[in-house]
Amino acid sequence: MSGATLERGMNAFREQMNAPIASFFSSCVNCGMCAEACLFYTETDDPKYTPINKLEPLRRVWEQEYTIWGKVKSILGLTEPVTDELLAEWEELVYDGCTLCGRCSMVCPVGNDISYMIRRAREGFVAAGYAPEGIKGASRRAITIGSPMGVKFPALAAQIKHVEADTGLSIPVDVEGVDYMALLSSMEIMNFPEYLEALARIFKQAGVSWTISSKAFEATNSGIQIGSSDIARELVSRVVSEAEKLKVKYVISPECGHAYTAIRWEGPNLIGRPYNFKVVHILELLDELRATGRIKTEGTEDDRLTFHDPCQIVRKGGVLEQPRNLLEMVTSDYVDMTDSREMNWCCGGGGGVSANERAEELRLKVFKRKKSQLDELNVDTLVTACANCRLIIEEGLEEYRMEMPVVGLTEMIAEHLVEDKE
Amino acid sequence: MADDMKRFTQTLGESLRERGVSRRGFLKFCTATASMMALPPTMVPAIAAALEKARRPSVIWLSFQECTGCTESITRSHSPSVENLIFDHISLDYHHTLQVAAGDAAEAAREAAMHENEGKYIVVVDGSIPLDNPGFSTIAGISNLQMLEETVAGAAAVVAVGSCAAFGGLPHADPNPTGAVSVSDIVHDKPIVNVSGCPPIPTVITGVLAHFLTFGSLPELDALGRPMVFYGQSIHDRCYRRPFYDKGLFAETFDDEGARKGWCLYRLGCKGPMTYNACATTKWNEGTSWPVESGHGCLGCSEPDFWDAGGFYNALSIPDSDIIRRAGVVAAAGVALGAAAGALNRSTRAKAAASHEKVTIDDLDKTS
Amino acid sequence: MSTPTDFLLWVRGPGFDIALVIFIIGVIIRLLEVLVLGRKPDQAEPRGGELGPGLRTVVTRTLPETGSFKRAPFTVIGGYIWHIGFFISLFLFVPHIELINATLGLIWPGIPSNLVDAVAAVTIVTLIAMLFSRLSHPVKRYLSGPEDYVTWLVTFLPMLTGYLAYHRMIDPYPLVLGLHILSVELLMVVFPFTKLMHAFTFIIARWYNGAMAGRRGVQS
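Residue numbers (my numbering), protein chains in the order written: chain A, -5 to 416; chain B, 45 to 412; chain C, -10 to 209.
Worth double-checking, as some hints may not be accurate.
[What the hints assert, rightly or not] In silico SDA-like links for lysine to any residue, alpha-carbon gap of 20 Å or less: (1) B:K395 to C:G27; (2) C:K29 to B:K164; (3) C:K59 to A:T38; (4) B:K291 to C:P98; (5) B:K291 to B:G339; (6) B:K402 to A:P399; (7) A:K365 to A:M337; (8) A:K362 to A:L314; (9) C:K29 to A:Y269; (10) A:K290 to A:S203; (11) B:K97 to B:L253; (12) B:K291 to C:Y152; (13) B:K291 to C:F145; (14) A:K65 to B:R390; (15) C:K59 to A:K65; (16) B:K72 to B:M87; (17) B:K291 to C:L81; (18) B:K402 to A:L0; (19) C:K29 to A:M337; (20) A:K65 to B:A380; (21) A:K272 to A:S203; (22) A:K359 to A:M396; (23) B:K327 to B:R120; (24) A:K65 to C:F182; (25) B:K291 to C:L176; (26) B:K72 to B:G57; (27) B:K97 to B:G339; (28) A:K365 to A:L391; (29) B:K291 to C:S133; (30) A:K209 to A:G162; (31) A:K67 to C:F145; (32) A:K67 to C:S133; (33) C:K184 to C:Y138; (34) C:K29 to B:Y357; (35) A:K209 to A:P187; (36) B:K164 to B:S261.
Read the hints as simulated data drawn from the structure, not as lab findings.
Turn these sequences into a full structure, and let the hints guide you.
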C-alpha cells in the first residue's frame, strides 16, 4: 500500500507535536511582526506570506487534537478541519514561500520558532502528497541515484582527475583511518569544481589527512528540504555508515547550507543516536587551521567586498565569527551588510526553493531584498559559503542586471595560500 | 380653629417676623440654603422673596417600621438654627411622635389636613412598609400599607426620609422577615424624593423642604431618587482623608500610628467610595464632625442594602471569595485535569507514531 | 439581582469564585497540555548551552529587533504602551493592591491615583488605536479572526469600566464597580481558552526558542 493520503498527512502532523510547538501556538497573538522579517512578505506585500500563517494546517491539528478547548470547539462546530483543499492551497506557502531561513524566529515577540515549525509541518505535507514536483524529483534522484542533481561517482571521479591534473596534487578516495572525510554538494561538483581544488590545496598545506568516499560523497539531503524524516534518514545513514566504516574522526560539511543542517543538527536525531565522529563545517575547520597557524596566506583582495551569511550555516548553524576571521585574513576592504550575521536576509533559494522550478518567479521577485542590501553597500564582490546561495545570487544578479562576481570563501582562501616551494 | 386657619394662611415671612426672626437672620438662612443647594449667591434674593411669600404647606408625617432615629435627627437640627422655625412654619399637621393629640383625635387631624389641602399637602414617610402581614405594623388599627395608600392619594409629593422609607433599610435586610418594602415600591403615581441615610443629615431634610417652598417643585434627583445637590458626590471624593488614599497611606487598625495620624480608613472597611451623601461637607451636630473625622469608616448608610453589603469592616470592592482560601484545592484539581489532558496528548502522539507508515519515494504522489 | 448592590455582591462573591475557578484550572490545564508533551532529547552534539541562552531570550525578546521595528513601529510602540499601561493600572493602582493584599497577602507600594488615571486614559486610547490598526493593517487584518476581536474586547472592557468607575461616570457606584469586576471576571474566564494564554506561555516559547538556538551557538 503506497501513496500519499490525507490520513497519512494528518498522522504525520500529529506525530510532530511537542512542547515547543504547543507553546508557540499557545503564544501567538497575531501581531504580524513575523511578516516584517520575512522577505516573501516584504517583497510581495501579500499578507498570505506572513510566516505564522503558513502554519495554519499544523495549527488546526494542534488546536483540535492537542487542546481540550479545541476539542470542545470542534464538537460545537466552531473549528475548520484540515482538508485536501487546505493543504493544496497551503503547499505553495510552505514550499515556494518559505526558505526555512529562520529570520522570523528571531523577531517573534513571544519567541515562536516559526521556521522550526514549518520544517516539521512539511512532514505532514509530504505524507499527504502535497510537495512540489521539483523537490519530489530531487528526492527520488537522491535516493535512487545518490544525488538530487543525478550526479554519480564517475562524474566526480572525472572532476577529481581534472583537479589532480591541474594541481599536481592527489585527492584521496576511500582511504580508511584518515582524520577527515569531506562531503560535497552536487552543485560543487557540477558548477563550482573550484571548491574541490581549494580543499586539495589547503589540506595539502595544512597537512590534513583526508579522504572522499566514493559511496557517500553527497552532502545535500533532499529529505530535509521536502520535509520527510524517513527520506532524510536514509540519505544521512549513507554518510554515517560510510564515515564509520572509514573510521574517520571528522566529517566535513561543505559550503552548502542545508547540508550542514542535515548532517550536523538533524542527522543524529534522524538515526536516533550520536555519531562516532564529529561534524565540522568547512569554515569551522579553516578557521581552526588559521588559528593554529597551519595555513598561511599572502596578499589581500583589493576589491570592496561583503559576505552573504548563509542562513543554515550562520543563523541556524552557529558558524558566525569564523567567516569573518577568515575574511579578515585575505581582504582589505570588507564591509558587513546592514542586516548581517544572525539577522541576514536569505538569498531566496534555501529550504528547497531552488529545487522547485515552479517557485522561480517568486524567488526572483524576493531577491530584491538581497539586491537592495547590496545596492546600499556599493561593493565589487560578494563572498559567500554556500553553493546554493551562490547559484541563486548569481541568477538574481543576472535577472536584475547587476555585474558582481560571487565567490566561495574557501576558494578565496585557497587563492591566497602561500605555496610551498617544493 | 381660627388660629389654625391663620397659621395656614400666614406666609412664611409673616410667620417669621411674628416669631421675632430678624431680616438679617432670615437672609443668613437663605444664603446657607443657597450654598447647600449649590446655587449661585445671586439666587439668594430670589430664595428670600420666594420664602417670604411661601404659604406654609401642610405636612403629614407617617412613621412605619422605623426606629424614630430620623425624627430624632430632625429634632436635633441646629444649623442654621432657623431651620427649627421653618419647621414650625410648615404646617406639620400629623406626626404621631411629636404631636400632642393621640388616638382618634390624631387620626382626625390627619384626615382634616388631607381634606383641607387636597392635592397640595406633602407626605413625609419614615420607616418601611411590611407586606407579608398587615398586622406586623399598624397605627390606630390601620395597616401601614393602607395608611400610606390613603394618605398619599391626595398628596402633592412624597418625601421618603431615611433609608428604610427610601430603600427598605434595616427591616429589609436579609432575610427581610416582614417583607419590608420602600415607599417607591408602593407609590408610583406621585413625585417621590428619597432622603436616604440612617439617619439622614437634618440639614438635608430641611433643605429638601426649603427647595420645595422656594421653587414649588422637587429638586433634581439622581438615579436612586435622591436630590443631586446633596447626594451628587461621594463621601470619598469630598473626604478630607482622600490625599492619604491617593498616597497609599492607610490605617491598619483603629489604634495604630496611621489611625492617629488620620490616614485613610479604606482598609478598615470605609464605604466612602461607594456612598453618596453630604456628610463630608455638611457634617453633623452643628458642623462639629462626621464619622470619618471621628475615626471610623463610612458605613454607607445612605446606599440601598448597606446593611447587607458585606461586613462594615471589609472594603466593598474586594471579593469576599471562599475560593482564594481554597486556591490550593482548585490548583490541585487543575493539576490533576492538566496531567490527564497532557497524558491524553501524549497518547495521541504515541498513537500517531505507532501508525506511522514510512514515507518512501514511491509515496510522494497522491493516491487518487 | 434586584439592586445594584445585589449585583455587586454577586459579582464579587459567587461570580468572582466562578471566574477564579475557571481561570486557575483553565490556565493549569493549558500549561500542562503544553509541558507534558515534552520533546525528544537532542542527539546532536551541542555547540552551546540551552539554559543560559534560553533564559536570556526570555528577557531579550522583550526588545524589538531593529529592522522589523522600523517596518512596524506602530505595532511595537502601541504594544509597549498598552501592555505597560495595563500592568500599571492593574498592579500599581492602590485599590487593586489592596485587593491583592486582602486576598493573597502580598503588598507593594502603589502610585498616586491621578497618575494611574492618566496612564489608564492613554492605555484606553492606545487600545482603540490598536483595534483600528488590526482592522486596517493588511497583515493583522488577514490574520485576525473572531478570537482576536473577542480578546481585544475582554482586555478593553476592564480598562474602560475601571475608568468609568474611577470617574463615577455611571450611577450608582455599586453598579459601575460591579460592571468593572464583572468585566475582569469575563477576562479571567476567556483567558485560558484564547491567545491571552500568551501571558504565561510566552516564557515557555521564548525559552525553547532561545534554548534551541543556544544549542547551535546562536543567541536568538
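Hints and how they fare:
no.	hint	result
1	B:K395 to C:G27	16 Å, holds
2	C:K29 to B:K164	89 Å, violated
3	C:K59 to A:T38	18 Å, holds
4	B:K291 to C:P98	9 Å, holds
5	B:K291 to B:G339	19 Å, holds
6	B:K402 to A:P399	44 Å, violated
7	A:K365 to A:M337	16 Å, holds
8	A:K362 to A:L314	24 Å, violated
9	C:K29 to A:Y269	17 Å, holds
10	A:K290 to A:S203	18 Å, holds
11	B:K97 to B:L253	15 Å, holds
12	B:K291 to C:Y152	19 Å, holds
13	B:K291 to C:F145	27 Å, violated
14	A:K65 to B:R390	15 Å, holds
15	C:K59 to A:K65	40 Å, violated
16	B:K72 to B:M87	13 Å, holds
17	B:K291 to C:L81	11 Å, holds
18	B:K402 to A:L0	15 Å, holds
19	C:K29 to A:M337	28 Å, violated
20	A:K65 to B:A380	19 Å, holds
21	A:K272 to A:S203	15 Å, holds
22	A:K359 to A:M396	15 Å, holds
23	B:K327 to B:R120	13 Å, holds
24	A:K65 to C:F182	11 Å, holds
25	B:K291 to C:L176	28 Å, violated
26	B:K72 to B:G57	14 Å, holds
27	B:K97 to B:G339	44 Å, violated
28	A:K365 to A:L391	8 Å, holds
29	B:K291 to C:S133	42 Å, violated
30	A:K209 to A:G162	24 Å, violated
31	A:K67 to C:F145	24 Å, violated
32	A:K67 to C:S133	18 Å, holds
33	C:K184 to C:Y138	11 Å, holds
34	C:K29 to B:Y357	55 Å, violated
35	A:K209 to A:P187	19 Å, holds
36	B:K164 to B:S261	12 Å, holds
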